[in-house]
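Could you build all of it, start to finish, from the sequences and the hints given here?
148 is the number of the first residue of the sequence shown in the numbering used here; add one for each residue after it.
Since the hints were derived computationally from the structure, they do not count as laboratory data.
This one's a predicted model, so the numbers in the text were calculated from it and none came from an experiment.
Among these hints, one or two may not hold up.
[As the list claims (entries may be wrong)] Simulated restraints, written as ranges between beta carbons of each label pair:
(1) 188 to 351: 20 to 28 Å
(2) 249 to 389: 22 to 30 Å
(3) 182 to 397: 18 to 26 Å
(4) 217 to 180: 31 to 39 Å
Beta carbons: idealized from backbone N, C-alpha and C, even for Gly.
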Amino acid sequence: MPRHSRYSRTMESKTQMAGLQQPLAIVRWWPQHYTLEWQVTPRAWRARGPDGAPALVKAGAVPAALCGLEHPNLARVLEQGTCWHALAWIDGPAMSEPMDGPVAPATLLAWMDGLLAGLEALHQRGLVHRDIKPANVLLAGGTPVIADFGLVCHAGPCAVRGTPASTPPEQWRGRVDARADLFAAGVLLYRLLSGTHPFAGTPFEAMAAIVAGRWPLLPGWEAVLDAALAPEPARRVADAAAFRTMLSTRKQP
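Printed below as a string of structure tokens:
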């Protein structure tokens, strides 16, 4: 995947053209061959690539193993530079936006299967996402697409980062493998099932409940959630394929 070293030094005029109110402090790294359109988040911008196709340009590089990885449930990394990367633009809301209560069973299972398929592709390359949550999953025509790779790392020792209420204990100890993502997927499953969070409260309260393995029970889903949300990785479901099988073969209560 090509890496570009040419950066625009004229971002003040570009931000003004895009309707932003003030120049951005980190725009010195902006890739010259992308035309900025508007700011999406403090670290992400909608832009047009050299071919005119829409893209999401984000601050920060990602592991090289993500480049060239194509999967229907993963946002495609188009290219990256030293301190930026560009993703193919995805039209659709975040999974968190329509989730104002429990999700219909058929929809829930389809979303979880797609999410786990995307995670399986990541894990096969030795990568761990580390931040699976509804806000980081977009729905493109109803298909879940994992679209934020800001915390992706290789399995093994890692920096201590994550979303407290969705992060397993081992991630806070600085070591992860695929099972860390499966824990977060279990949290997401619980939220889709109930419309509530299994580890509510302040970040410290959530982390204490996670370590204790304590969450409100959902009748009929005890076995699945126990396998996904176990605080010890050794007691957790082994991989994304096994999680998918567990969901697809689960007997209705």
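Next on the checklist: A range of 22 to 30 Å was offered for this pair. Does it hold for the Cβ distance of residue 249 and residue 389?
Outcome noted: Between residue 249 and residue 389, where Cβ atoms are some 25 Å apart, the hint holds.
Checklist entry - Regarding residue 217 and residue 180, is the given constraint of 31 to 39 Å on their beta-carbon distance met? => result 21 Å, violated
Checklist entry - Do residue 182 and residue 397 keep their Cβ atoms within the hinted range of 18 to 26 Å? => result The hinted range 18 to 26 Å is violated for residue 182 and residue 397, with Cβ atoms some 48 Å apart.
Item to check | Beta-carbon spacing of residue 188 to residue 351 - inside the hinted bounds 20 to 28 Å or not | outcome: 26 Å, holds
Comparing the model with each earlier hint shows violations of hints 3 and 4; every other hint is respected.
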